[in-house]
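So the chains spell out like this:
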Amino acid sequence: MEQALRQFAHASSYSRDSSLRARFVEAVGASIGEDLDARVDSIRVFENEAGFDPFGFDRDTARWMLAVVAWLHRRYFRCIVKGIENVPEGRVLVIANHSGQIPIDGMMIGAALMLDAEPPRFPRSMVERWTVELPFVSTLFPRIGQVLGSPENARRLLQQEECIVVFPEGAKGISKPFKERYRLQPFGLGFMRLALETNTPIVPVSVVGAEEQYISLANWTKVGALMGMPAFPVIPQLFLGMPLPLPTRYRISFGEPLRFEGDPDADDVVIESKVAVVRERIASMIAADRAARRSIFF
Amino acid sequence: MTTVDNQRVTKLMGEARVDFDAERGNSRAGLVEPPTHSGVFPSAFVERELVEEGVVVTGICGRLGKLLTRELHRTTKVIGIDRRPFPDRPRDVVHHEIDLRRSRTKDVFRGGRIRALVHLGVMHNPHVSPRERHQWNVVSFQKLLDYAVQFRVPKVIVLSGAGVYGAHPANPQFLSEDAPLLGAQEDGRTRDLVEMDMLAQSHFWRYPEAETVILRPCNVVGTVRNAASNYLRLARPVTLLGYDPMVQIIDERDVVRAIELALRPGVRGIFNLRGQGELPLSRLLERAGKKPLPLPTSALRVATDSLFQARLSGFSKGQLDFLRFPCMVDDRRAKQELGFSPRYTLDETLARLHLEG
Chain A
0 MEQALRQFAH
10 ASSYSRDSSL
20 RARFVEAVGA
30 SIGEDLDARV
40 DSIRVFENEA
50 GFDPFGFDRD
60 TARWMLAVVA
70 WLHRRYFRCI
80 VKGIENVPEG
90 RVLVIANHSG
100 QIPIDGMMIG
110 AALMLDAEPP
120 RFPRSMVERW
130 TVELPFVSTL
140 FPRIGQVLGS
150 PENARRLLQQ
160 EECIVVFPEG
170 AKGISKPFKE
180 RYRLQPFGLG
190 FMRLALETNT
200 PIVPVSVVGA
210 EEQYISLANW
220 TKVGALMGMP
230 AFPVIPQLFL
240 GMPLPLPTRY
250 RISFGEPLRF
260 EGDPDADDVV
270 IESKVAVVRE
280 RIASMIAADR
290 AARRSIFF
Chain B
0 MTTVDNQRVT
10 KLMGEARVDF
20 DAERGNSRAG
30 LVEPPTHSGV
40 FPSAFVEREL
50 VEEGVVVTGI
60 CGRLGKLLTR
70 ELHRTTKVIG
80 IDRRPFPDRP
90 RDVVHHEIDL
100 RRSRTKDVFR
110 GGRIRALVHL
120 GVMHNPHVSP
130 RERHQWNVVS
140 FQKLLDYAVQ
150 FRVPKVIVLS
160 GAGVYGAHPA
170 NPQFLSEDAP
180 LLGAQEDGRT
190 RDLVEMDMLA
200 QSHFWRYPEA
210 ETVILRPCNV
220 VGTVRNAASN
230 YLRLARPVTL
240 LGYDPMVQII
250 DERDVVRAIE
260 LALRPGVRGI
270 FNLRGQGELP
280 LSRLLERAGK
290 KPLPLPTSAL
300 RVATDSLFQA
310 RLSGFSKGQL
320 DFLRFPCMVD
330 DRRAKQELGF
340 SPRYTLDETL
350 ARLHLEG
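Taken in sequence, the protein lines are chains A and B. Numbering-wise (numbering that gives the first Met the number 0), the first sequence opens with residue 0 and increments by one. Numbering-wise (numbering that gives the first Met the number 0), the second sequence opens with residue 0 and increments by one.
It should be emphasised that the hints constitute simulated quantities derived from the structure, not laboratory data. Treat the hints with caution; some may be incorrect.
Across the chosen pairs, the derived CB separations fall in these ranges [as the list claims (entries may be wrong)]:
| # | chain 1 | residue 1 | chain 2 | residue 2 | range |
| --- | --- | --- | --- | --- | --- |
| 1 | A | R74 | B | D346 | 39 to 45 Å |
| 2 | B | D346 | A | W219 | 48 to 54 Å |
| 3 | B | Q335 | A | D262 | 23 to 29 Å |
| 4 | A | G261 | B | P295 | 46 to 52 Å |
| 5 | A | L237 | B | A302 | 45 to 51 Å |
| 6 | A | A37 | B | T74 | 51 to 57 Å |
| 7 | B | W204 | A | G82 | 51 to 57 Å |
Non-contacting residues of chain B with respect to chain A, defined by C-beta distances greater than 10 Å in every case (computed) [to be verified]:
| # | residue |
| --- | --- |
| 8 | R82 |
| 9 | H94 |
| 10 | S175 |
| 11 | S201 |
| 12 | R351 |
If you're wondering where the values come from, they're calculated on a predicted model, not measured in any experiment. For glycine and all other residues, C-beta sits at the position ideal for the given N, C-alpha and C.
Isolated chain B (complex conformation) (with noise of 0.2 Å):
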């Protein structure tokens, strides 16, 4: 936040410096001391529109992150964090292969002059550690939003999720951007990205002169290996005996544009994305060409849990309830404030599961 900081521009791409400074500027401290401009844009951030800003994405080389890439790379800079190597990245996208835990993060904000933060490194896979995913999702999650505050980032873009709010019984129909995120109730999965969902509102309070956007899709289906695209990719989806809740999907392509929408300078707060149409399980299933398995619920539980333990599968028993009870979003704010409505059919969205991405 000094500026020395900001001067040291220093690339450490693929130096093995330790950084101690950075080691320490673990920066609670951004936190409890807020940015010295009280309430008052710093000029700093008026004068950057001048010269070329970058746009960070965290997780770029997911199959969303190379998706919004591709959308992104021509007209704006693109900076990527993420362990795995982007071998195929644009030539104009700058690629940080960095475990975003490590203190090196930090200088890639270091480097200076960042227009936005768009963060989709949220980690997915099942069977890390719950200490793990918590580190990766919600202590590595808070250290950016240190970063974000302490070389005033103006915009933060966190891609959270429907699964949230949870599914449950007494859910109405349609859930909308205040309903309790009641997610984390059966799932330790949920309960990070409800922790990490609320951290960005945290932001969003404390940091009235940054633009933060939380948005919080319905089930994200296409090319990604998520758990809505991967469960439509069994081929033999297993359903719930006597449950046919009513399920909403949204294309890929369609929460890139969300972000694109996002990224523009004034759009704030909290947006539910829905896709086009919501219908029965049953119904969608029949539209992706497959022969659900209906299995009673008890047993279910047990036959899910014990594959997951003995881990041939990624599904965990408390996403069964998705399959059960309705958790579906009301996306008006979206459509208003963020001017969004979604382009892709239902159709068009399926086709894309066995596409490679």
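Just chain A, with the same shape it has in the complex (with noise of 0.2 Å):
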């Protein structure tokens, strides 16, 4: 245990051009054929006067974190990407269902846009407050171009021309025990009145195949609150001794984008109408990619 963090500290800390690490991206690059370090290094960040990412994006814990997810997107769990061309330039709201108990399929929508998409586009994802407290977690996250989910801090992106991955399940989706898979839970407003105020066009995006990777019985919240975390599920896996989520197939298919207009301050009945359209185009993509599936699996 003891070693398993410090080994995560030593690679959440900042490489200096550890040889190993370099080898390492360079053998999944050539092993899926792409270029890694290219499609970092054409990251464009609004650097301040020192050379920074105001956020604290770091492309050398980038890239080896790009190699160890282009890994699980094209090795373990093989995505299927569909419709990557819809995602605009400029300003955008990547809106996507949330499942699997650890958010991979954050990660591995994030190497779609890094992977799939000509050129590359580099995501940024709003997390919970709770994970900036969580030691070593709060180090990797800024350094891979995650962000704290507040307003501000959306608004300020947005005005950067920057694409934004939202759940706006939240909570609630991820930890959806496994006999309610594929059930949206309720959206929540505030991606919607962004888009409003900011004028960005959402992208709904499915997501199918990470509600199977870990199957889970229960939610209890309870113990979970004890521990200070939104949720603890109840994963027979991880007793077998399987830590690692099932090598489900994911089906990721980008909709084509929705604009939106009206006042972002109108009141919550005006909005919830504007986000079921949202919800609606991704329930319906949802059910149209689990119908083409023959199993999870494949």
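Mind assembling these two chains? They're in different frames, but the hints should get you there.
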């Protein structure tokens, strides 16, 4: 445990051109036929006077994280990505369903944007406040472009014409037990107000395959609350010595961008009706992809 | 506020005379009954421009105060208030060696023709009792503001700091001037600063005829002896294992320049100040040539607290949050309204750490 912690601490600290890590990035890149270094180098951020991204993005950390994620994307989950060309240039909100107990779906959407989009789109995702309080996680996340979810942060990023990934279901969506799989939870309204305010197109995204990676029988939220976590899923495979997610096949579909107009400060009812449009679009995309697959593994 | 007061221009410097009037005139009255002019700027203010006017600087003997004096004294008459002596002061600087809490402070204002009050006299000494610190930072500042009202000082500049926002996990990456002042939640020292900032804010709203400026710089770094610079001067600065927040630092000379800009007529309001570039704490330490000492949070909290209690260190455990969560400011307003943008680079700023001020 301690060793793992130390390794993680080491991994999340800044690399000083460690040749081992460089070789790892190169090897993964070669095996999937992508130049990962070039993809990371193509990321443009708003650097400050000292040459740093004000939100803490760090290229060296991003390089090896992308290698890990790319391997999962191409080899482990063998993602089928459709409609990536629907992601427009400039500011955009990518809105997706959330599932799978741990946010691998976010990583796979990010990988699709970095590997399958031409030119690569650097995704920023909005993370929950409690991750900022976790040691190591709070160090790693900003370095790979994750930002604390707050309207101020999102506004600033959209003004910089960046791409933000949002899961409006939040923790409710990701920690669903297996029997509620693919049942969309209520969507938050914040993303729609933000889109209206900043005149940002919304790209609906459906992720199919994540629900089956960890089969959760129940969600003991009270136990989770004791540990300061928003959820406590009961996952049998963890007790059977299988910490890794099941190698299900991911299907990620990017829908055509939706544009909304109206008053960002309108009543919840008005905003809800707009959010429902996005939610229904995602629901129908999920249904189509579920119907298309023969098995959860293929 | 009466004409009698104004005529009694008494230089009490060095005189051991107790001024009973001033003793009484702690002038809450000045606040309860606002100046007789109601909204209209009294002509006395305007006429004053013709005669030489002074800028009162409290805490002038601090390193920042001295830097400010050096910039100001050639063009402006500088009047210093500090309980410390100022032996190497420029000839044209008038220095009053007074404890801010003493009523003699009032006589400096009574001397008249004060163009501005620049309040730098914040007590940072961590080992002073909370009562004394509160008296100094809050009660005596309240009195200073009362004098400013009573003697119609047209401008008040207060050096607050980004610390008043506090370092919190829910902080947006950049805090605007409207962000709530949550710094008081953890640390008694910051609580006083928040209260000071609030007093200045109420002065801003209650006396619109005076120009009140509140400056909230991020960590001021340089020859100054504040928590941020002292931390960066440590041989092995401690960090919290697993945390590496983004941090901002600002050069002390940039802060001085911001004060100069704030002295211009017409400038009023609250301004965040940031230096050139924010960066992860680990990178800042690297730039400063330091090898950090990462320790687990819980252990460090205990250690910091016991060292503090034993008076072996000036860092309190509340300040550890600044090594853990972001507390960065958005300086767009300072850019637009104050015309301020930082001049000194990170390396130029860090180079000043070990200079003698």
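So does B:W204 sit 51 to 57 Å from A:G82, Cβ to Cβ? For B:W204 and A:G82 the Cβ distance comes to about 54 Å; the hint holds.
According to the definition I'm using, a residue is off the interface if its beta carbon is farther than 10 Å from all beta carbons of the partner; does B:S201 meet that for chain A? Since the minimum Cβ distance to chain A is about 26 Å, B:S201 lies beyond 10 Å and the statement holds.
If you check the beta carbons of B:D346 and A:W219, does the distance land in 48 to 54 Å? This hint holds: roughly 52 Å between Cβ atoms.
Could you tell me whether the CB distance from A:R74 to B:D346 stays inside 39 to 45 Å? Roughly 44 Å apart at Cβ, these two residues keep to the hinted range, so it holds.
Beyond 10 Å from every chain A Cβ: check whether that's true for B:R82. holds (38 Å)
Using the beta carbons of A:A37 and B:T74, state whether their distance is inside 51 to 57 Å or not. Given a distance of about 55 Å, which is inside 51 to 57 Å, the answer is holds.
Holds or violated: 45 to 51 Å for the Cβ distance of A:L237 and B:A302? violated (36 Å)
Does the hinted range 23 to 29 Å hold for B:Q335 and A:D262 at CB? 27 Å Cβ-Cβ, so the 23 to 29 Å window holds.
For A:G261 and B:P295, compare the CB-CB distance with the range 46 to 52 Å and indicate the outcome. Holds, at about 50 Å.
Per the stated criterion, does the least C-beta distance between B:R351 and chain A lie above 10 Å, as a non-interface residue requires? Per Cβ check, B:R351 is outside 10 Å of chain A; nearest 16 Å; holds.
Beyond 10 Å from each Cβ of chain A, as asserted for B:S175: violated (7 Å)
Interface-negative label, B:H94 against chain A, beta-carbon threshold 10 Å: Per Cβ check, B:H94 is outside 10 Å of chain A; nearest 37 Å; holds.
In terms of the numbered hints stated before, the structure departs from hints 5, 10, listed from lowest to highest.
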